[in-house]
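Asker: Protein chains in written order, with our numbering: chain A, 1 to 380; chain B, 1001 to 1163; chain C, 2001 to 2386.
Read the hints as simulated data drawn from the structure, not as lab findings. Just to be clear, a hint being listed does not mean it is correct.
Unchecked claim - DSS-like, lysine-lysine: derived pairs with alpha carbons at most 27 Å apart: (1) 1066(B) with 2259(C); (2) 100(A) with 2259(C); (3) 1037(B) with 19(A); (4) 18(A) with 1066(B); (5) 1066(B) with 223(A); (6) 2268(C) with 100(A); (7) 1052(B) with 2259(C); (8) 380(A) with 257(A); (9) 222(A) with 1066(B); (10) 18(A) with 1038(B); (11) 1066(B) with 220(A); (12) 222(A) with 3(A); (13) 19(A) with 1066(B); (14) 1038(B) with 19(A); (15) 1066(B) with 100(A); (16) 19(A) with 1142(B); (17) 1142(B) with 1037(B); (18) 256(A) with 2044(C); (19) 266(A) with 220(A); (20) 1038(B) with 1052(B); (21) 2225(C) with 257(A); (22) 18(A) with 1128(B); (23) 1128(B) with 2153(C); (24) 2353(C) with 2224(C); (25) 257(A) with 2044(C); (26) 2353(C) with 220(A); (27) 2259(C) with 3(A); (28) 2153(C) with 1052(B).
Unchecked claim - If you want the ones that stay clear, here's a sample from chain C, every Cβ over 12 Å from chain A, calculated: (29) 2014; (30) 2025; (31) 2078; (32) 2155; (33) 2158; (34) 2191; (35) 2272; (36) 2308; (37) 2313; (38) 2316.
Even glycine gets a Cβ: it sits at the ideal position worked out from N, Cα and C.
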Amino acid sequence: MDKIAIIGVAQTRYERRKKDKTYYDLVYEMTRDALVDAGLQISDIDNVVTISNDFMDGRTISSMAVGDAAGAYDKNISTVEGDGTFGAFYGAMRVLSGFKNTLVVAHAKGSEGDNKIITNGMFDPIYQRHLGLESISSSALQANAYMDRYHISEEDIALVSVKNHANAKNNPLAQMPMSLTVDDVMRSNKIADPLKLLDCSPISDGAAAIIIAAEDQVEKAKKKPIWIKGVAHCSDNYFLGDRDLADPRALRKAAKKAYAMAGITKPMEEIDVVELYDAFTYMEPLWLEGLDFCDPGTGIELLKNGVTTMNGPLPVNPSGGVLSAHVVHVAGLARIIESVLQLRGEAGDRQVNGAKTALAHGINGPCGQSHCVWVMSNQK
Amino acid sequence: MVTERDYNRLLTLSFDTPMPYEWSVGIHGSRFFHEIKKHQRFIGIRCPECQKVYVPPRRVCAPCFKELHELVVLPNQGTIRAFSIVNYPFIDPDTGRQRPIPYTYGYIQIEGADNIFSHIINETDIEKIEVGMQVRAVFKAKTDMQGHMSDILHFEIMENPGV
Amino acid sequence: MAQRVAIVGTGQTDHKSHRPDVSQREMIQEAVMRALADCDLTIKDIDAFVIGNMDHFESINYVDTWSVEGAGAIMKPIMKVTTGGTTGSTVAIAAYYHVASGLFDKVLAIGWEKNSESDTTAAIITCSDPIWDRFSYSGAIPSLATEASAYMKQYGATQEDAARVAVRDRNNALNNPHAHLRRPITMEDVMSSPMLAYPIKLLDVCPRTDGACAVVFAAENSAKKICQKPAWVKACSVRHTYTWFGDSSDYTSGLVSLKRASQEAYEKAGIRNPAEELDVAELYLPYTYAGLKWIEDLGFCRPGEGAQFVADGHTNMDGKIPVNPSGGVISTNCIGATALLRVAESAIQIMGKGGNRQVPDVKQAIATGFGGCFWSDVMILGAAMP
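Isolated chain A (complex conformation):
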């Protein structure tokens, strides 16, 4: 793969509701801020990829709302409707195909629609939708399958909530920084067994943008370029019953491919920090297994043994993760951005010292059906 790098990033503060901002406002502000971060002008951008979701926005062709705001008035533009990691991958492919600087910008406002109806919409209209399945109840199914197979308790996964909400206290942009105990999590409202309120990510408004540049453009960048070493995605089967929900095989395949591209053979040793998509607490250990950091069923041991805490050898979600701020589709892009900040040394209080290689991860579809894995480094 040719050498390409991320040279500009921007994120909004993540909040429950941004009443004063339209999608246009959010995308414009992120475009503007990412350009400033990269030290570029809008004329340096030769193509744009926007990321949005028609159901979230209540608007078919949701990309129509933001093309102008992303500075794409007379430029090549496209739109991916899926998690930010996938859209950013498309942006990267465009740079590899000859564009100079791709702007990738994602937005969503969870506050403006009915999330239950919106996520119910991802289930099959004929066989599943009338069951009322939506993101929380379907994830509860996966949580049960996973926890049952490996004898993981609710107290075990509560540890993820404690860690990540505490990490969020170091992230000025996070929506839910909290000091919690396992007891707090256990006593929070049961929403869909085994998931309780504090096992779930919040509803959030926000936007984010990155600029991906070709190798010969990187010298213009104001800050340290972060090189994209490996990216891959893979989708599992669709019907929940056709999948082994406790076995993230699509993630495993994507990770394997991304590691091969990046020349990584021992992920636990060679990766310094991980930002993964923990929409629910049980997902963190499950995805860590899929990412080949440990054997199946042992993901939670990594946390219990202090491996994935801020002081451990492999901090996971120093930003507070998706549990602390969940803007649908933007959250994957935020994972990439947090990784970039780590590798630049700009992560402030949440900095993992000496981080050289980072992994960012995003999911798409029900119960993490499709995964996208990014490996980045500050070494060329």
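Model the placement of chains B and C on the given structure of chain A, informed by the hints.
Answerer: Okay, now just chains B and C, sitting in the frame of chain A:
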């Protein structure tokens, strides 16, 4: 070939769920509606670079990619640049009911603005409406206004334009 | 360095107004199987998928993950790209970039729509801005009608001029076994059809179709092995210029997005005189007046001359630049697939697989996509490797 006889064994499933949304209007848009409610007047916004005036006011001038701040008061009338008389029935997704037809979809260039304002013109006779005619806005009763495009009832053709 | 990419196979369903015999996934699978058969590949050979449709038509959120059974993408990478009416061409362009990047060798682009299963007009209305445009907007037809009425006023084109476009496309469709509407029509038929939104009448405008299309893109080395005469991608360009419908209405300057996109594509492909250098054009013409106006924006003739250009027969099958041998959008419109069909049909022309609709000796073809807020996509294909 599939015929009506097959329809008994080929089933269908209906889906009819309303999907509620609550969109933010934004800072400039909100100001536009407040001006309509308080003063029954249009405001636009000017781009410092290309000097184009947009109505309703917007945050960014897309070709210049510049943020806009200078609000401009505009007259309540303009010129028809294009129109179409809609004659076929359809369900309005905002209400779930059929929108009354025929109605005239109009593109109006408000005097002093450089872009087009889309709204309804209350003339549905093709013999009586033409591109280039002057039209003026007709507003709802102030007490009925909600901060919505429908606060402008419609545009009507001016009998003696230029007055 | 970008890989050179070619289309090596295409597949489409037999388009109909209603396909009660297949579910949506089954319909997608039909097109996928046909595309694979066209180039003698199996699903195992495909490395990645790109799929698109218009969400609110079938009301399915996350179409990419939902479709994997029908698309054949289980345990493979799949991505959803969607941009309204231009979806099909945007999907094709995304598949092109997947391969050009060097990361994937063979990529399947899929576009589909089951229009019979949705309220098309209500769904399209939701594409407009909910605060500013949705109050007056009533779908594609009236907004296109505004363009037509302004064009007629500016250049004196008549309803008869436009009707000629419908007659041409609908008669071409008789040669296309896949097309939806396959009954010949005359000028009188068009002129006497009901007026939907002045000046657009029923036969001036495209139908609603259930259909799917799949196109296989391959990197240069594979392309040469798979296909005798692959259709090489010479250039692609996209301009999705506007956010609000009112902005798109400076009718004196034509369809701006198409002008700009085609200019960029011509430059990349080294084309200076499109009407002479292109051998066939599959244009996304959702209604007849576009067939007069947009060929000016494409540079086939000068502004205001579109009606005469068509009347003189230059766009007929035996003319200088045959337009829509497949019957075009006026004969088949399954929205998510429609723009992809333009790419597929152009590729079919270059590959020489056009059967009764084949234009002889096609070396260069242009496919355009249209949709959204007067947006345009352009793709130029060639028989010679770039």
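Asker: None of the hints should be skipped; say for each whether it holds.
Answerer: Structure-based check of all given hints:
Our distance criterion of 27 Å between C-alpha atoms is met by residue 1066(B) and residue 2259(C), whose separation comes to about 24 Å. About 23 Å separates the Cα atoms of residue 100(A) and residue 2259(C), which keeps this hinted pair within 27 Å; it holds. Under the criterion of a C-alpha separation no larger than 27 Å, the hint pairing residue 1037(B) with residue 19(A) is consistent with the structure, at around 21 Å. Among the hinted pairs, residue 18(A) with residue 1066(B) is consistent with the structure: their alpha-carbon atoms are about 23 Å apart, no more than 27 Å.
Using a Cα cut-off of 27 Å, the hinted pair residue 1066(B) and residue 223(A) holds, with the two alpha carbons roughly 24 Å apart. For the hint linking residue 2268(C) to residue 100(A), the alpha-carbon distance of about 16 Å falls within 27 Å, and the restraint holds. This hinted pair checks out: residue 1052(B) and residue 2259(C) have alpha carbons roughly 22 Å apart, not beyond 27 Å. Of the pairs offered as hints, the one joining residue 380(A) and residue 257(A) holds, with about 20 Å between alpha carbons and a cut-off of 27 Å not exceeded.
Under the criterion of a C-alpha separation no larger than 27 Å, the hint pairing residue 222(A) with residue 1066(B) is consistent with the structure, at around 22 Å. Distance check on the hinted pair: residue 18(A) and residue 1038(B) sit about 26 Å apart at the alpha-carbon level, within 27 Å; holds. For the hint pairing residue 1066(B) with residue 220(A), the CA-to-CA distance comes to about 22 Å; that is within 27 Å, so the pair holds. Distance restraint check for residue 222(A) and residue 3(A): the Cα-Cα separation of roughly 18 Å lies within the 27 Å cut-off, and the hinted pair is therefore satisfied.
At roughly 23 Å between alpha-carbon atoms, residue 19(A) and residue 1066(B) fall within 27 Å of each other, so this suggested pair holds. With a C-alpha separation of about 22 Å, the suggested pair residue 1038(B) and residue 19(A) falls inside the 27 Å cut-off, and the hint holds. The suggested pairing of residue 1066(B) with residue 100(A) holds, with an alpha-carbon distance near 23 Å, which does not exceed 27 Å. Distance restraint check for residue 19(A) and residue 1142(B): the Cα-Cα separation of roughly 25 Å lies within the 27 Å cut-off, and the hinted pair is therefore satisfied.
Proposed proximity of residue 1142(B) and residue 1037(B) is supported: the alpha carbons are some 6 Å apart, at most 27 Å. Taking the CA atoms of residue 256(A) and residue 2044(C), the gap is about 19 Å. The hint holds against a cut of 27 Å. At roughly 34 Å between alpha-carbon atoms, residue 266(A) and residue 220(A) are farther apart than 27 Å, so this suggested pair is violated. A hinted pair counts as satisfied when its Cα atoms are at most 27 Å apart, and residue 1038(B) with residue 1052(B) qualifies at roughly 26 Å.
Using a Cα cut-off of 27 Å, the hinted pair residue 2225(C) and residue 257(A) holds, with the two alpha carbons roughly 26 Å apart. The hinted pair formed by residue 18(A) and residue 1128(B) fails the criterion: a straight-line CA distance of about 46 Å is larger than 27 Å. Using a Cα cut-off of 27 Å, the hinted pair residue 1128(B) and residue 2153(C) holds, with the two alpha carbons roughly 15 Å apart. Under the criterion of a C-alpha separation no larger than 27 Å, the hint pairing residue 2353(C) with residue 2224(C) is consistent with the structure, at around 17 Å.
Between residue 257(A) and residue 2044(C) the alpha-carbon distance is near 17 Å, which keeps this suggested pair within the 27 Å criterion. Simply put, residue 2353(C) and residue 220(A) have alpha-carbon atoms about 48 Å apart, too far for the 27 Å limit, and the pair is violated. Restraint check: the Cα-Cα separation between residue 2259(C) and residue 3(A) comes to about 34 Å, which exceeds 27 Å; the hinted pair is violated. Distance restraint check for residue 2153(C) and residue 1052(B): the Cα-Cα separation of roughly 25 Å lies within the 27 Å cut-off, and the hinted pair is therefore satisfied.
The claim that residue 2014(C) lies off the interface holds: its Cβ sits roughly 23 Å from the closest Cβ of chain A, which is beyond the 12 Å cut-off. Residue 2025(C), annotated as away from the interface, has a beta carbon of chain A within 12 Å; the closest lies near 9 Å. Annotated as non-interface, residue 2078(C) brings its C-beta within 12 Å of a C-beta of chain A; the closest such distance is 5 Å. Here residue 2155(C) stays apart from chain A, with its beta-carbon at least about 26 Å from theirs, past the 12 Å limit.
Here residue 2158(C) stays apart from chain A, with its beta-carbon at least about 32 Å from theirs, past the 12 Å limit. Every Cβ of chain A is farther than 12 Å from the Cβ of residue 2191(C); the closest lies at roughly 33 Å, confirming the non-interface assignment. Residue-level check passed: residue 2272(C) sits 21 Å from the nearest beta carbon of chain A, beyond 12 Å. Non-interface call for residue 2308(C) relative to chain A: holds, since the shortest CB-CB distance, roughly 30 Å, exceeds 12 Å.
Listed as outside the interface, residue 2313(C) is consistent with that label: its C-beta sits roughly 35 Å from the nearest C-beta of chain A, beyond the 12 Å cut-off. Interface exclusion of residue 2316(C) from chain A stands, the closest Cβ pair being 33 Å apart, more than 12 Å.
Checked against the numbered hints given earlier, the structure breaks hints 19, 22, 26, 27, 30, 31 and satisfies all the rest.
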